[in-house]
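From first to last, the protein sequence lines are chains A and B.
In this note's numbering, each residue carries its 1-based index in the first sequence increased by 199.
In this note's numbering, each residue carries its 1-based index in the second sequence increased by 199.
These are computed hints drawn from the structure, not numbers from a lab.
Hints may contain errors.
[Claimed, not checked] Here are a few chain B residues that face chain A, going by a calculated C-beta distance under 7 Å:
id : residue
1  : Ala228
2  : Leu229
3  : Tyr231
4  : Pro233
5  : Gly265
6  : Gln268
These numbers were taken from a predicted model, which means no experiment stands behind them.
Think of the CB as a built atom: it goes at the ideal place given N, C-alpha and C, for glycine as much as any other residue.
2 protein chains.
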Amino acid sequence: LDSGHAYPAILPDLTAEAERVLTTYRSQALQYGPKQGIPELREWITSYSRTDGVSTSADRVLVTNGAKQALELVCRLLLDEGDSVVMTSPTYFTAIPIFRSFGARFIEVGQDEQGIDVDQIASIFAELQREGRPLPKFIYDVPEFHNPTGLTTSLSRRQSLVDLAAKWGVYIVEDSPYRRIRFEGSSIAPLKAIDPEDYVFHVGTFSKLIAPGIRVGWVSSSAEMIARLVQLKADSGSSPLTQRIVHEFCAAGKLNAHTERVVATYRTHRDRIVSALRRELPEISMTVPSGGYYIWLRLPSGIDGDELAKQGAQEGVSVLPGSKFYAAADIEHPKNFIRVAYTHATPDEIDEGVRRLASAFHAVESPPREQHAQPVP
Amino acid sequence: LDSGHAYPAILPDLTAEAERVLTTYRSQALQYGPKQGIPELREWITSYSRTDGVSTSADRVLVTNGAKQALELVCRLLLDEGDSVVMTSPTYFTAIPIFRSFGARFIEVGQDEQGIDVDQIASIFAELQREGRPLPKFIYDVPEFHNPTGLTTSLSRRQSLVDLAAKWGVYIVEDSPYRRIRFEGSSIAPLKAIDPEDYVFHVGTFSKLIAPGIRVGWVSSSAEMIARLVQLKADSGSSPLTQRIVHEFCAAGKLNAHTERVVATYRTHRDRIVSALRRELPEISMTVPSGGYYIWLRLPSGIDGDELAKQGAQEGVSVLPGSKFYAAADIEHPKNFIRVAYTHATPDEIDEGVRRLASAFHAVESPPREQHAQPVP
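Chain A with its partners taken away, still in its complex shape (with noise of 0.2 Å):
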């Protein structure tokens, strides 16, 4: 249960695209392709956006090597040794050391059912002004279903997200992958969506929506920092073989049907999941997602989410401990929190992940006496 892994049973056939791709296309699959991505695809993700709201065009979208290598891109663009992010505390635990390794230092903010905590992150700047010091280069956020809090940042809150960038020259980093991942309720705009002065930098990936391995994700923001980004991406652009088999997939019209069983698969799981929870954990709490891959549990106030992880993997069980999720190091965090997974596993594995974790959730709770009273062999 640690993983954002797809399920094994829902990755589609994509044989047919690639044979396709390698037969009619091959000159072009097997080349070097644009750097930017190839345009078939940058067009065809500009009007997948544009069923979001976001009004693009194949010149403002870079297509990555998945989302890391977007956010990889971004840091290298904005960020000099030293700089400053804002980022919800918990976050996604891999940004952290992509942050870190360009010397970001990490303002955490807080998150509520609302999302983001724009009131802390406008009172941190102003205090930052008038202390004179340098306001942080960018927000970074995921604002459905977040990692790992399964939280999703309400239409006004957003509003007041992007008012506040704007006001204040800051930019977002909007990580998007879990948006189409929705079980219920309706989606909200993106940020990209209601941000007219181009202060969000959007980064989408079909790792989500076709499948991890294919590794094809992109950014889109202003012209002229998707011009700067090209030239930051060293790599002679991502494989034309896989952009194209998305392509063929996604121009066939076999996205949407397949987004649809992804939904309807994982709205599964996570039904299957939080019923197991609540009958073996009620000893915990949780906000349950409407979308996503995680669910955000929150402990007892004496118990440790390291030590519950470190026991649970010894029952066979895996999952995260909410230590994993916190990016400033000199801070003190709380430690009653871990993190479950609900993609990967079978509806069945799912039930016995979850007793085995309730098993060691006991364990810890009351841990056993053998090892002190241990009788004389």
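Based on the hints, put chain B in the right spot on chain A.
The following block gives chain B in isolation, referenced to the frame of chain A:
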């Protein structure tokens, strides 16, 4: 005649490999893969390297998105702002902006028929030491069929280079994309094969062996350095889909036969362009390369490569001016060179391209007078 693209007709048929990977190995190929690269491919690269006398192992190989990502990661590992690197003058032009983006300063050294000028490097190092200044972080070279000069470093020069690196504790980045594209003569041990102290980062790629669009390359070094490079590779690993396609192709024994076809084809192209150049442009001189993709043409001293390239473009032939291949901005470089590539064009296009190049040459040599003597309308 400008690009390092593959000859379209020689791109292999990968449909069988793709189909097998997307069916039999679907759940591995479409999930996240190991960050270091799939073990099967790293094992295969290990045995392939062994045929070159390189004794490595799967834990000392990192799979990358082509050779350029390998160069980028090595820079992230070794370079800080203001560090210097040694390279030949001229050198591979795509490496220049990669190194520069890490704040590198360039120390250019000469090159002759034996390869990079190791004596010159030794005296530069000695002088830096006398002055108490820091040594360069690495020496970058393309020892086989150098881009752009086509020269290949002799074994004794290689030995001197590796000895120098070990003596001074300076790394070598051995960029080796063309190694197997040898038309005649026997191959020479890679630097990595004569490097007992592990100062060499060996960079390889399937771009020239199979297809550029597949974007799979690798770097081999010590286990410790590879572990650090894996940490720096923040993109969740290269696509397991493309890696598995490569592995299927190689493991089925198709690579050797394919390489033979590639070599035979490019030998024909090389012969064709050499004949055409001798016929059409006896004024220029060159060293005929015994492998690789490129010929470096020395123009008579009055002829400017930039002007010739510009005039060529007008006549419908594209070549790269020599000026693109010099790293140091503050040094005067010879202007009378251009690089021609013979892989991408058909043999007939090669003939036609050289004819047009000759026509451009004669126009630059003795510019037409029409613009000074236009008839009054």
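Verification of the hints:
no., hint, verdict
1, Ala228, "holds (5 Å)"
2, Leu229, "holds (4 Å)"
3, Tyr231, "holds (5 Å)"
4, Pro233, "violated (11 Å)"
5, Gly265, "holds (6 Å)"
6, Gln268, "holds (5 Å)"
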